[in-house]
Amino acid sequence: MEAKRSLLAIFLLLSFLSISTAAPTRKTRTRKPCKSMVFYFHDVIYNGHNAKNATSAIVGSPQWGNKTILTGQNHFGDLVVFDDPITLDNNLHSKPVGRAQGFYIYDKKDIFTAWLGFSFVFNSTQHKGSINFAGADPLMNKTRDISVIGGTGDFFMARGVATLMTDAFEGEVYFRLRTDINLYECW
Amino acid sequence: MEAKRSLLAIFLLLSFLSISTAAPTRKTRTRKPCKSMVFYFHDVIYNGHNAKNATSAIVGSPQWGNKTILTGQNHFGDLVVFDDPITLDNNLHSKPVGRAQGFYIYDKKDIFTAWLGFSFVFNSTQHKGSINFAGADPLMNKTRDISVIGGTGDFFMARGVATLMTDAFEGEVYFRLRTDINLYECW
Amino acid sequence: MEAKRSLLAIFLLLSFLSISTAAPTRKTRTRKPCKSMVFYFHDVIYNGHNAKNATSAIVGSPQWGNKTILTGQNHFGDLVVFDDPITLDNNLHSKPVGRAQGFYIYDKKDIFTAWLGFSFVFNSTQHKGSINFAGADPLMNKTRDISVIGGTGDFFMARGVATLMTDAFEGEVYFRLRTDINLYECW
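Protein chains in written order, with this note's numbering: chain A, 1 to 187; chain B, 1001 to 1187; chain C, 2001 to 2187.
If you're looking for bench data, these hints aren't it; they were derived computationally from the structure.
The reader is advised that the hints may include incorrect statements.
Using 25 Å as the maximum straight-line C-alpha spacing, the simulated BS3-like pairs for lysine-lysine come out as follows [claimed, not checked]:
hint	chain 1	residue 1	chain 2	residue 2
1	C	K2032	B	K1142
2	B	K1032	C	K2095
3	C	K2128	C	K2032
Here are a few chain B residues that sit away from chain A, every Cβ distance over 12 Å (derived from the structure) [said to hold, decoys possible]:
hint	residue
4	I1069
5	T1087
6	M1165
7	D1167
8	F1175
9	R1176
10	D1180
Cβ atoms here follow ideal geometry from the backbone N, Cα and C, with glycine treated the same way.
For reference, chain A alone in the conformation it holds in the complex:
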């Protein structure tokens, strides 16, 4: 009699288990990051006079633009390549912990917005490897979310979301972006 009741309990448990395993990948995804990091990166754009300090340069522009001055209409059509230092705090002169490398293209006439494709490249005792990003950056918004589309080394197979915030800018020569990286897939 007792054995039978135990069997019933087991069957109930089994039913529960088989339900929970039926849709394993969907149900168990949580929006809690498996890794969170904050970095700053610093972009000094070439303007014809700052070749020594510049970390980025215009390399494509529309018919009405040129390559030393960001064009009108919210820079629509300007393609910029960058190799920017990454720091742990918001100080341009702090020791870089890596480089942000890639490009952005201003892609809208009526407001400032850009499309980004770039990587964070690390090669220090702290981090080795890269994090790859892509997405739209409507840069007048206080926060903008882009995608972490992959990673290598310490960030092998990473996926997640990075939140960009303009931390400072000086005219059209310097800007600093705070980047809050939240990974939701860690291997």
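Fit chains B and C to the given chain A structure using the hints.
What follows is chains B and C alone, placed relative to chain A:
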């Protein structure tokens, strides 16, 4: 005796369960989308005369090209930046529900084909967030598949495949792409 | 008595099972590829004299550069579009099995490094579909890892890491990259 037979049944069930949980992520992936959506987007390329209506512009070209006319050899080398309206139907004049923003580069001399990096950006009551795309677009094919490489907001962490179809085109000034988005990872 | 002992064993087994299903996606990820492939691709860059053989061309350059000769400072700012043959061995003249299509941008002044966005496009009896890549390529390193950010057709929803190795180069006109693709997500 009955209890023993039940026990046997349980053991068999358990064996089955332990097999099905042994390789959980691989076996349970289905090719059934967790979300499907259809959108159209409309590209009006700048040609020197249509600055007001143009939604895209040539910003890079090979040595033999220029920035007002798409170059010969199937536009090989032309880089185009776009900010195109997204509509729910195939009418350019329908109310846009978002913007398709990014770039394409024609990358082959003997046929029309391009490489795309762009986002669908939504900010309406219906959808908030972005979907990020990348991939090859051999545009003479009736359908072309590219990758959904990430998403934010309503499309947090999305992955999937988007099928592009040229729905209409007018010379080298206007084209309309139907985009069937199928997400296979939804969070 | 025997039944009770069996029940105990079952309970222990169940406990174990419920633990192993509690965190299904995290714990079960292995770094063993579900698919591995090796390919070579060949880039012949246009230099003003080799229009017939060239498979790539400069389409963006900084203010101080031009579109027939890769610029100084480690080609910083040069944007190159390519449509390169993919072969199974390291022979440029082997029958291509697909095309590598996309772009790279040299993005650093003091060493050679580039950012890549491209696809492998296959349309043969062996492979149909595409593999999409993105990442940083510090090309003076013997091996460099970039991300497989998606795939279509035979490579539906693929994710992984590709290791690039410069297999050969001739001045600034030709280079050959060995690409070891390891997929860790296969559908």
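Which of the numbered hints are not met once you compare them with the structure shown?
1, 2, 4
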